[in-house]
Structure formats: C-alpha cells, structure tokens
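Chains as they are written, first to last, in our numbering: chain A, 1194 to 1353; chain Z, 1194 to 1353.
Calculated from the structure, these hints are not laboratory results. There may be inaccurate statements among the hints.
Which copy is meant is left open, so a pair is good if it fits within one copy or across any two.
Stated by the list, open to error - The calculated EDC-like cross-link candidates involving lysine to aspartate or glutamate, where the alpha carbons are at most 16 Å apart (straight line), are:
(1) K1200 x D1258
(2) K1302 x E1352
(3) K1302 x D1317
2 protein chains.
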Amino acid sequence: MNCSIAKSLDQVGDAWTLLIVRECTMGKTRFDEFQHGLGIARNILTNRLNQLVADGILETFPAPDRVNTNGYRLTRKGEELYPVLVALMQWGDRWRTAHGKPLLTLADKRTGQAVQPVDIRSADGALLSYRDIRLLPGPGATDSTLAVIDSRNQRVLGEE
Amino acid sequence: MNCSIAKSLDQVGDAWTLLIVRECTMGKTRFDEFQHGLGIARNILTNRLNQLVADGILETFPAPDRVNTNGYRLTRKGEELYPVLVALMQWGDRWRTAHGKPLLTLADKRTGQAVQPVDIRSADGALLSYRDIRLLPGPGATDSTLAVIDSRNQRVLGEE
C-alpha cells in the first residue's frame, strides 16, 4: 500500500495534474481550452503538461483544426486514472456539495443507466470499509512489506 | 464533474494529505507514528493534521496508551476516502511498480478472498472507460452544468 499509493501520488499528487486529466476526460485537447477551463497560469499549465507527457499520462498529437498546433490526449495509462477521478467526484458529491446534491450523473451511453458507485466490494458483492480488509502479501512483496502487513493487520483487525 | 472533483481536491489535492489518510487506514494514530511512517517535517505534519481536523476528515481522541496525548482517527467522511486510496493503489500497482507486481493484496477479512478491482461498471456489470460514459444532469444541476454536459457529450461521444 505504502509503495503504490505513494508512487502514484509522485505523478498525480498535485491538484492541477488531476484537473488536467479531468479536462481530457471532458474532451478538451488544447492548451487554451485547459487554460480557459481551469483558470490556471500559463507557466504552471506548461509545466504540468510537459510533466504529464514525460510521465506517459498524456501524449501530444497534431490538432485537427489548427495548423502547427499540438493537442494533448490521454494515453492508456492516463485513461486508467478515470476510477480515481470518479472516486473523487463521488466523495465530493457526498461531502463537498451543497445539500449533497450531485451536479452530474454518469450513465452508460448504451443504456442510459447510472453507473455503479465506486466502492470496495468483496468477491461476493459485500460493501467493505478499510476495517473489513485484511492485507495479504502480493506477488511483489518483500520482507519489509511482510512486516508492514503484519503490523497493519494487528492494528486494524486487532489480531496477534 | 467540474465541481465535485475540484471541491474534493480543495481538501485532498495534496499528496501529504492523502498519505496521512492512508496511514490512518494502516492503523496509525499518533503524530510520531505519522512522522516516522512518512518522513515528513514536523511543521508540515502539524499543518496538515490541523487542516484535516478542520475539514472533518480526521478527529482527535485521547490516545489510550499515553497521558495527555491526542491520537487522530478517521471520521466517516475520512473513511469514505478509502475508494480514492484503493484506486490510486491499483493504478500504482499497474503503472508505477517494477514489473507490475503488486506489493499487497486487499482481501475480505471474512473470506480471505481478494476484493474486486475499483472499476467503473455499468448496472449490468460491463467495464466502462470515460468514452463509454454519457453525462446526465444530476439533482443539483444548474444551467451552467447543462451547458458543460452538452459540450462534453458532443466532444467525447461525437454527438450533436
């Protein structure tokens, strides 16, 4: 846990970065669109876009409607941040919105039905909190991972 | 989308903040435990903890094993950030870990079985990317939300 969350935050632990990724999921592609949508300073936007490309989260492509202008779009790696954005949206809807009224509903374009909430669920479908979770070593676990896992399970699950 | 993601990031758009929340899900409660686990400067940790309490994500409680010492624990609001952390962990496992080998597996403590991935799924269980999503107005939608929704659906879904 330590490692993968921290390593993710190395690349997306900055609010502007995730907001640029959000703009991409809204179909924005151009520097001026990002700037307009976010109200971000040009030098900061330039810096974040360059870093996102360097990190392989965005890639540039020739903008279809402008000569000599690059657009930005999500790579596969970038697209896979969508659950992070939706989890943040859901939390914001619940805890950061006036009267808890969501502005938006995400629907499956095929059916028009709302998507399922982003929850932690067991294989049998039960809704789980972090207190219902036991950490187990993954395929990349090291000795220090094992120590972290034991300590965490003792603390949270009250096990010896 | 604009609103709830941005509002969430107002409170958790800083890497230290989410890492402190992670430490709480690992069963840590005390200032010195956070400091040791994160290697964060004391003044920054003090600042972030105070802000997390002010934002209602953490609450203080008398530490059971220390006189005159407060511990910190997640509120309900804080606990509900767990899907955000797990989504970041999953993305990090996939894109930020050597050879894509996860260090940890999250298992249901009752069954020992791995939890389901944090994905965006339709009501009928299909895995969806952001391109499969149609935005619809939610109960809190305003006129400007409707304009954003229309523009986004046109851009991403190619609809008029």
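Evaluated hints:
1. K1200 x D1258: Neither way: K1200 and D1258 sit 37 Å apart in one copy and 33 Å across, limit 16 Å.
2. K1302 x E1352: For K1302 and E1352, the Cα distance is within 16 Å only across copies (11 Å; inside one copy 46 Å).
3. K1302 x D1317: between (27 Å within a copy, 13 Å between copies)
Checked against the numbered hints given earlier, the structure breaks only hint 1 and satisfies all the rest.
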